[in-house]
Amino acid sequence: MGLGGRHGSGLCAARMAQRPMTRANPQRPVVTTALHDARLQAVETAVTKTGARTLLDLGCGAGDLLLRLALLPGLTRLTGIDIDLPSLRAAQARLADLPPETRAKVQLAQASMTVAHPNLRGYDCACLVETIEHLPLGDLNRLERALFADMRPGHVIVTTPNAEFNPVLGVPSHRFRHPGHHFEWDRARFAGWAEGVAARHGYTVTCHAIGEAHPALGGASQMAVFAPLG
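Reminder that position 138 of the sequence shown reads as 138 in the numbering used here, one-by-one numbering, no gaps.
Honestly, I wouldn't trust all of these hints.
[To be verified] Simulated restraints, written as ranges between beta carbons of each label pair: (1) Ala199 to His178: 27 to 33 Å; (2) Pro179 to Pro73: 23 to 29 Å; (3) Ala104 to Gly230: 33 to 39 Å; (4) Glu212 to Thr48: 19 to 25 Å.
Don't read these hints as lab results, they were simulated from the structure.
Please read all numbers here as calculations on a predicted model, not as lab measurements.
By construction, the Cβ of each residue, glycine as well, lies at the ideal position given by its N, Cα and C atoms.
Modelling step: build the complete structure from the supplied sequences, incorporating the hints.
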């Protein structure tokens, strides 16, 4: 569904707001891993370096990144979108545990990241954390047009698994790390995609390893940071 309203809150966001916020079940702690923590820390560091005040989290899922970044005093408005409503409900419940003034900075909406939303234009930074690999390859062009050509955030941060590292994790060569992945790229393929996107849309890009890097295989995950050209 599309988004409406002053800051991108639309029908789905309004429906979510009408339901009472429930607190996360303390008996069901959020499961995380050292790699996931390293990934979130890398993204947080990159976001901080951009000096962003407003942030868009595409494919926000259950809100792992939003919960972390909402605590940064420099960010004044954060919007998370996801196509999966149960994930957004989980994010909403977790956000309810934040202090009221912090929770007020964050909004959620059900929306596709491959469709341009006019009310999501002009954010200082957009993040896609382990998200692009969940899209069919044919949808990457639609994502590129929607995000880089239309919504045009000041900076874009993208992370995705590094396929070269899979043997270290015990992943067989004929499988991906997650059954929901449509692809997993090595470092050269990811860098090539990122450099092409940057060249087509007036950004520069730098790529980084995430996690303890193997001398030959790189990190378990990889990150591209797009910045405005000039």
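Checked hints:
1. Ala199 to His178: 27 to 33 Å: holds (30 Å)
2. Pro179 to Pro73: 23 to 29 Å: violated (39 Å)
3. Ala104 to Gly230: 33 to 39 Å: The hint (33 to 39 Å, Cβ to Cβ) holds, given that Ala104 and Gly230 are roughly 35 Å apart.
4. Glu212 to Thr48: 19 to 25 Å: At 22 Å between Cβs, range holds.
Violated hint: 2 only; the structure is consistent with all others.
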